[in-house]
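At position 38 of the sequence shown the residue is numbered 38 (my numbering), and the sequence of numbers has no breaks.
Be careful, since some hints might not be right.
[As the list claims (entries may be wrong)] Each pair of labels, with its calculated beta carbon distance range: (1) G48 x Y87: 33 to 39 Å; (2) T86 x V47: 45 to 51 Å; (3) P91 x G64: 41 to 47 Å; (4) G60 x Y87: 38 to 44 Å; (5) A51 x P91: 21 to 27 Å; (6) I72 x S36: 27 to 33 Å; (7) S36 x L75: 46 to 52 Å; (8) G71 x R34: 22 to 28 Å; (9) S35 x G60: 36 to 42 Å.
Honestly, the hints are just simulated from the structure, not real lab data. Cβ coordinates follow ideal geometry from the N, Cα and C atoms, glycine included.
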Amino acid sequence: MKNLPGTPPPGRRRAGPPQPGRRCPSAGHLLRPRSSRAFVLGLCMSVGGLAGGVRAALDGKGIGTTLGIFGIGILGLIFAVAWVVTYAREP
């Protein structure tokens, strides 16, 4: 059976980007930050969030505000550590 003109042969992948309906990126690339900007963002988030959380606790802000600011700091710390681990694993 011959292939129709303009269609790729079965079992082979076409060169170039995938078709718009066929894209399904994995979320794994979000867990592996590779840019140094990601490291700087993580450091800024962690320093600002942890220091802001301490300041909010000392000022007597609500528990929700304090935990929210601490959460940003912890998220930034995780982001910075993920960058360091990714950078250490690269050859």
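Notebook entry, point to check: Looking back at the hints listed earlier, which ones does the structure fail to meet?
Noted result: 1, 2, 5, 6 and 7
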